[in-house]
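Residues in the sequence shown are numbered from 2 upward in steps of one, following the numbering used here.
These are calculated hints, taken from the structure and not from any lab test. Do not rely on the hints blindly, as some may be mistaken.
As a list, the in silico SDA-like pairs of lysine to any residue whose alpha-carbon atoms are at most 20 angstroms apart [as the list claims (entries may be wrong)]:
| # | residue 1 | residue 2 |
| --- | --- | --- |
| 1 | 63 | 90 |
| 2 | 239 | 207 |
| 3 | 140 | 162 |
| 4 | 239 | 140 |
| 5 | 140 | 102 |
| 6 | 140 | 87 |
| 7 | 239 | 181 |
| 8 | 98 | 155 |
| 9 | 140 | 90 |
| 10 | 63 | 45 |
| 11 | 98 | 149 |
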Amino acid sequence: MYPKGVRGVGITAGQPASDLSDLPALLDRVERLDVDSVELPTCAMDLVFGGRIRRPHLDLLKRACAGRPFGYSVHGPLVINFFDDPARLPRHFEVLKASLEVAGEVGAAHYVMHSGVMPVQPAEVIEGAYARQREWLSKAGDVARDCGVLLCVETMFGDHQGRTHASLPSRLAREIEAIDHSHVWATLDFSHAFLRLGYVGGDYLAEVAALAPFAKHLHMHDSFGLADAIETVFPSEKFAFGHGDLHLPVGWGAIPWQALMARCNFPDGVLFNIELNPRLWYAVDECLAATRALAAEARIGA
């Protein structure tokens with residue numbers, strides 16, 4: 002069905018209740034979709050307290066996950082940020098280490114974390130932040146290797162007013178290449194990249210193609226690449242204007258999917274993971290079909 006080297010198609014599970022009581026039902030709902038993998042939002046599961054794993058909660062998670070016919074990936078805490086104040090970076094690493102250990106215990110293949118973001122600063126300050134991020138991600142790669150997980154660093158989009166620095170896909174590619182660690186790869190979020198290029202301008206296809214060879218993990222959802230610049234009341238109004246990171250089904254936005262598949266070369270073991278807006282779950286079958294069709298066209302290697 003897929004070219005050799007494509008790990009498969011997965012989908013992010015819904016956010017469970019704080020006591021994880023509904024997690025089995027959420028995984029049952031996903032199981033009917035016959036996906037290859039499920040991404041667990043451990044960022045919202047109360048699994049780590051003060052940098053330490055809360056064992057009873059992890060045991061609940063492991064019981065809910067056991068015996069399922071699919072593999073797993075994990076999306077850890079969103080706010081881990083190695084562009085933060087240097088004095089706080091050990092705290093970020095402590096939480097990342099515990100979160101990677103959680104991922105290892107549930108048997109996840111990939112662990113997703115966000116790449117650094119920071120207020121716009123002079124170039125030398127930003128470059129210093131990149132140097133620190135490379136150092137800490139290299140250490141995190143060692144932890145990931147020990148846990149049997151690939152650490153996949155995700156593209157971010159900053160803000161449309163130019164107040165926040167976030168890496169362009171090509172810059173993230175250079176960072177991953179410079180780190181040169183067997184267990185540090187990228188998560189290519191196509192919509193995040195579309196928004197970033199929509200804000201700052203540039204060649205979207207070329208930027209994404211630069212990161213694709215380093216992206217073991219793909220976040221599949223659609224948008225229009227437009228700034229979230231008008232205040233709205235209802236979610237349907239945001240859809241109407243096409244503003245922001247909408248997490249639409251693949252094909253509902255303006256991302257040039259066919260051109261991307263023709264241009265990009267992905268690494269062996271790439272996973273196509275859908276991140277669908279919960280409000281639009283009624284379109285999950287349509288989104289899965291579109292994503293599977295794209296995965297079938299994926300080019301692996303040079």
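Evaluated hints:
1. For the given pair, residue 63 sits about 29 angstroms from residue 90 by alpha-carbon distance, which is inconsistent with the 20 angstroms threshold.
2. This hinted pair does not check out: residue 239 and residue 207 have alpha carbons roughly 28 angstroms apart, beyond 20 angstroms.
3. Proximity of residue 140 to residue 162 is assessed by CA-CA distance (about 33 angstroms); at most 20 angstroms being required, the pair is judged violated.
4. Distance hint between residue 239 and residue 140 is unfulfilled; the C-alpha atoms sit about 40 angstroms from each other, more than 20 angstroms.
5. As the CA atoms of residue 140 and residue 102 are separated by approximately 14 angstroms, the hinted pair is consistent with the 20 angstroms bound.
6. Distance restraint check for residue 140 and residue 87: the Cα-Cα separation of roughly 15 angstroms lies within the 20 angstroms cut-off, and the hinted pair is therefore satisfied.
7. Restraint check: the Cα-Cα separation between residue 239 and residue 181 comes to about 40 angstroms, which exceeds 20 angstroms; the hinted pair is violated.
8. Between residue 98 and residue 155, the direct Cα distance comes to roughly 17 angstroms. Compliance with the 20 angstroms bound is thereby established for this hinted pair.
9. At roughly 12 angstroms between alpha-carbon atoms, residue 140 and residue 90 fall within 20 angstroms of each other, so this suggested pair holds.
10. Distance check on the hinted pair: residue 63 and residue 45 sit about 15 angstroms apart at the alpha-carbon level, within 20 angstroms; holds.
11. Restraint check for residue 98 and residue 149: the C-alpha separation of about 13 angstroms stays at or below 20 angstroms, so the hint holds.
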